[in-house]
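K.L.:
All chains, full assembly: derive it from the sequences and hints.
2 protein chains.
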Amino acid sequence: MNNYFRSRIVIVEDNNAVREGFSLIINSVSNYYVVNSYDNAEDAIKNLKKDAPEIILMDLELPGMNGIEAIGVIKKTHPNIELIVNTIYENSELVFQALCSGASGYITKNTSHSELLDAIDEVINGGAPMSSKIAKMVVNSFQKNPNSPLSSRETQVLELLSKGKSYSMIAQELFITKETAKSHIKNIYSKLQVNSKSEAIAKATKEKLI
Amino acid sequence: MNNYFRSRIVIVEDNNAVREGFSLIINSVSNYYVVNSYDNAEDAIKNLKKDAPEIILMDLELPGMNGIEAIGVIKKTHPNIELIVNTIYENSELVFQALCSGASGYITKNTSHSELLDAIDEVINGGAPMSSKIAKMVVNSFQKNPNSPLSSRETQVLELLSKGKSYSMIAQELFITKETAKSHIKNIYSKLQVNSKSEAIAKATKEKLI
DNA sequence: AATCCATACCCCAAAAGGGGTGAAACCTCT
DNA sequence: AGAGGTTTCACCCCTTTTGGGGTATGGATT
Chain A
1 MNNYFRSRIV
11 IVEDNNAVRE
21 GFSLIINSVS
31 NYYVVNSYDN
41 AEDAIKNLKK
51 DAPEIILMDL
61 ELPGMNGIEA
71 IGVIKKTHPN
81 IELIVNTIYE
91 NSELVFQALC
101 SGASGYITKN
111 TSHSELLDAI
121 DEVINGGAPM
131 SSKIAKMVVN
141 SFQKNPNSPL
151 SSRETQVLEL
161 LSKGKSYSMI
171 AQELFITKET
181 AKSHIKNIYS
191 KLQVNSKSEA
201 IAKATKEKLI
Chain B
1 MNNYFRSRIV
11 IVEDNNAVRE
21 GFSLIINSVS
31 NYYVVNSYDN
41 AEDAIKNLKK
51 DAPEIILMDL
61 ELPGMNGIEA
71 IGVIKKTHPN
81 IELIVNTIYE
91 NSELVFQALC
101 SGASGYITKN
111 TSHSELLDAI
121 DEVINGGAPM
131 SSKIAKMVVN
141 SFQKNPNSPL
151 SSRETQVLEL
161 LSKGKSYSMI
171 AQELFITKET
181 AKSHIKNIYS
191 KLQVNSKSEA
201 IAKATKEKLI
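Residue numbers (this note's numbering), protein chains in the order written: chain A, 1 to 210; chain B, 1 to 210.
Some hints could be false.
No copy labels: a pair is met if it fits in one copy or bridges any two.
[Stated by the list, open to error] Dumping the calculated SDA-like pairs for lysine to any residue here, alpha-carbon to alpha-carbon at most 20 Å:
1. Lys163 with Ser132
2. Lys178 with Lys206
3. Lys144 with Pro79
4. Lys203 with Leu116
5. Lys163 with Ser152
6. Lys136 with Leu174
7. Lys208 with Ser196
8. Lys46 with Ser166
9. Lys163 with Glu199
10. Lys186 with Gln156
11. Lys136 with Thr108
12. Lys208 with Asn187
13. Lys136 with Glu115
14. Lys178 with Arg153
15. Lys75 with Ile45
16. Lys136 with Leu94
17. Lys76 with Gln97
18. Lys208 with Met65
19. Lys133 with Asn66
20. Lys144 with Glu93
21. Lys206 with Phe96
22. Lys144 with Ala171
23. Lys186 with Asp14
24. Lys109 with Ser151
25. Lys76 with Glu154
26. Lys46 with Asp118
27. Lys178 with Val18
28. Lys144 with Ile25
Source of the hints: derived by calculation from the structure; they are not laboratory data.
P.N.:
Written out as C-alpha cells, the structure is:
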C-alpha cells in the first residue's frame with residue numbers, strides 16, 4: 001500500500017500482545033500506519049528522527065524511563081509530535097502530570113478498537129481525546145471547593161493577594177484601611193494555617209479556594 | 001409516554017427556533033425529556049425547584065443575566081444539577097469561566113443532533129462532553145509556555161516561590177546562600193517586570209512559566 | 001571579546017507579619 | 001426581643017522579611 005499520505009504512528013507499550021494488537025488495528029485502516037513500535041521509551045526516543053511519527057501512542061508504566069518523563073523529553077525535542085497516553089491508570093496525579101508534560105490525549109485501556117481509532121482521528125484534527133472519566137476529572141479541576149473555611153470578604157482579599165496586590169492596594173480597591181486589610185489577611189493566615197502571602201496563595205490554589 | 005424513569009432536562013436558550021429544535025430532538029428519544037424550556041436565565045432559576053431537572057442545556061448569550069452568572073447561581077443552590085453549555089462562542093475566556101462556574105460540558109452550536117444526544121448521555125454517565133476544539137483548549141491550558149524568558153535555575157527558584165517558600169528556605173533547598181537566592185529573584189522580577197513575590201507568581205501562572 | 005548565568009556580598013528603605021485590643025454590624029436561634 | 005456567634009472594620013507596637021540599589025567573580029556559550 002502507498003504510505004505516502006498516511007499519518008505515521010509510533011507505539012510505545014511494554015506488553016507485547018497489546019502492542020501487536022494495536023498495530024493490527026491501526027494498520028487495518030487506510031488513514032495511518034504504524035511506522036515502528038517499541039517496548040520502552042528509550043529506544044523510541046533514540047529513533048524519533050528516523051521514525052518521524054506524527055503521533056505516538058504511549059503507555060505510562062514502562063521499564064526504565066516512565067511515560068511521563070518520556071512525554072516531557074519528546075515534546076521538548078519534537079514539539080510537533082502529538083502524544084496520546086494509553087494506560088490503565090486513572091489516578092488524577094498521573095493524568096495531570098501527563099497533560100502538563102505535553103500529552104494531547106489520555107485514553108484508558110478499556111477503550112474499544114473503534115474508540116482508539118477515533119482518538120487518533122481526533123488528534124489529527126487538532127482535538128484532545130479523553131476517556132469520559134478523564135474528561136470529567138479535567139473539568140472538575142477547574143471548579144472551586146465549595147467547603148471553603150473563608151468568609152466571602154476573606155476570599156475576596158485572597159483573590160487580590162493572588163493577583164499580586166500589596167496591603168495598601170487591597171485596601172484601596174476595597175475602600176478599607178490598610179490595617180483592616182491586614183486584619184483580614186491575618187485571619188486568612190490563621191484559618192489556612194500559613195504565615196505568608198505566597199504560602200496562602202499556594203494553599204488556596206491547591207485547595208481551590210480561589 | 002411514561003416519564004417516570006426519563007431524565008428531566010431544562011433548556012435555556014433565547015432563540016426560539018433553536019430552543020424548539022432542541023426540544024424536538026431530545027423528546028424524540030426515550031431516555032430523557034424536556035420538562036421545560038426558557039428564553040432567559042431568570043425564569044429558569046425561578047422554576048428550578050418545580051422543574052427539578054437533572055440536566056440543563058444552557059446558552060451563554062442571553063437577555064438579562066448571562067449564562068456564566070446563571071451557572072454560578074444554579075450550581076450554588078442546586079449542586080447536583082449538571083449544566084451543559086451550548087453556545088457559538090469558542091472564546092477561551094468564556095470557556096474557562098463557564099467551567100470555573102460549574103459547567104460539566106461545553107459544546108458548540110455546530111454540533112449535530114446525534115452529538116447533542118451523545119453529550120447528554122455522557123453527562124448522565126458522569127462524563128464531561130466537550131467539542132473537540134474546546135477539549136484541546138482545556139488540555140492546552142495545562143501545558144507550559146515553551147518561550148520562557150527565565151533560565152532553568154530561575155524557573156526552579158520561581159517554582160519554590162510559588163510553593164510559598166521564603167528566601168532562606170529557597171537558599172537551603174538549593175544549597176546556595178540567601179543572598180544568591182535574592183539575586184535570582186531580583187533577576188526574575190526584572191525579566192517579568194514585577195516587583196514582589198506574589199506579582200511574580202501571578203504573572204508566571206498567567207503566562208504558564210511554571 | 002562579549003554575553004549570559006550562577007554565585008555571593010553590602011547598605012538601606014519599605015513591606016509584611018505577629019502580638020494585641022476593641023467596636024459596630026449582621027446572623028441565627030431560642 | 002435578646003443572647004451569642006461571626007464578620008467586618010480599625011488601630012498600636014515591634015520584629016522579620018522583602019525589595020531596590022549596587023558590586024564582583026568564575027564558568028559556559030557564542
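K.L.:
Work down the list of hints and note, for each, if the structure agrees.
P.N.:
For each hint, the structure was consulted:
Neither within a single protomer nor between protomers do Lys163 and Ser132 lie at most 20 Å apart by alpha-carbon distance, with minima of 33 Å and 31 Å respectively. Taking identical chains as interchangeable, the C-alpha atoms of Lys178 and Lys206 are never at most 20 Å apart, the minima being 27 Å within one chain and 27 Å between chains. Taking CA atoms no more than 20 Å apart as the test, Lys144 paired with Pro79 passes between copies only; the shortest distance there is 12 Å, against 32 Å inside one copy. For the identical chains of this complex, Lys203 and Leu116 are neighbours neither inside a copy (38 Å) nor across copies (38 Å), given an alpha-carbon limit of 20 Å.
Only within a single protomer do Lys163 and Ser152 lie at most 20 Å apart by alpha-carbon distance; the minimum there is 17 Å, versus 24 Å between protomers. Taking the shortest alpha-carbon separations for Lys136 and Leu174, neither the intra-copy value of 36 Å nor the inter-copy value of 37 Å comes in at or below 20 Å. Taking the closest pair of Cα atoms, Lys208 and Ser196 come within 20 Å of each other only inside a single copy of the chain (18 Å); across copies the shortest separation is 23 Å, beyond that limit. For the identical chains of this complex, Lys46 and Ser166 are neighbours neither inside a copy (50 Å) nor across copies (41 Å), given an alpha-carbon limit of 20 Å.
For the identical chains of this complex, Lys163 and Glu199 are neighbours both inside a copy (14 Å) and across copies (6 Å), given an alpha-carbon limit of 20 Å. In the homo-oligomer, the alpha carbons of Lys186 and Gln156 lie at most 20 Å apart inside one protomer (14 Å), although the nearest pairing across protomers, at 29 Å, exceeds that limit. Taking CA atoms no more than 20 Å apart as the test, Lys136 paired with Thr108 passes in both settings, with 13 Å inside one copy and 18 Å between copies. For the homomeric pair Lys208 and Asn187, the shortest alpha-carbon distance inside one copy (18 Å) is at most 20 Å, but the shortest distance between copies (30 Å) is not.
Taking CA atoms no more than 20 Å apart as the test, Lys136 paired with Glu115 passes in both settings, with 17 Å inside one copy and 17 Å between copies. Taking the shortest alpha-carbon separations for Lys178 and Arg153, only the intra-copy value of 15 Å comes in at or below 20 Å, while the best inter-copy value is 35 Å. For the identical chains of this complex, Lys75 and Ile45 are intra-copy neighbours only, at 11 Å inside a copy versus 46 Å across copies, given an alpha-carbon limit of 20 Å. For a Cα distance limit of 20 Å, the shortest separation of Lys136 from Leu94 qualifies both inside one copy, at 15 Å, and across copies, at 18 Å.
Taking the shortest Cα distances, Lys76 and Gln97 sit within 20 Å of each other inside one copy (15 Å), while across copies they are farther apart (30 Å). For the identical chains of this complex, Lys208 and Met65 are neighbours neither inside a copy (32 Å) nor across copies (26 Å), given an alpha-carbon limit of 20 Å. In the homo-oligomer, the alpha carbons of Lys133 and Asn66 never lie at most 20 Å apart, since the shortest distance is 23 Å inside one protomer and 29 Å across protomers. With identical chains, the CA atoms of Lys144 and Glu93 are at most 20 Å apart both within one copy (18 Å) and between copies (17 Å).
Proximity of Lys206 to Phe96 under the C-alpha cut-off of 20 Å is found in both arrangements, the shortest distances being 13 Å within a copy and 18 Å between copies. For a Cα distance limit of 20 Å, the shortest separation of Lys144 from Ala171 qualifies neither inside one copy, at 25 Å, nor across copies, at 33 Å. In this assembly of identical chains, the alpha carbons of Lys186 and Asp14 never lie at most 20 Å apart, being 53 Å within a copy and 46 Å across copies at closest. Proximity of Lys109 to Ser151 under the C-alpha cut-off of 20 Å is found in neither arrangement, the shortest distances being 43 Å within a copy and 38 Å between copies.
For a Cα distance limit of 20 Å, the shortest separation of Lys76 from Glu154 across copies, 18 Å, qualifies, whereas the shortest one inside one copy, 41 Å, does not. Taking the shortest alpha-carbon separations for Lys46 and Asp118, neither the intra-copy value of 28 Å nor the inter-copy value of 41 Å comes in at or below 20 Å. In this homomeric assembly, Lys178 and Val18 never come within 20 Å of each other (Cα to Cα): the closest approach is 63 Å inside a single copy and 52 Å across copies. Proximity of Lys144 to Ile25 under the C-alpha cut-off of 20 Å is found in neither arrangement, the shortest distances being 41 Å within a copy and 33 Å between copies.
Comparing the model with each numbered hint stated earlier shows that hints 1, 2, 4, 6, 8, 18, 19, 22, 23, 24, 26, 27 and 28 do not hold.
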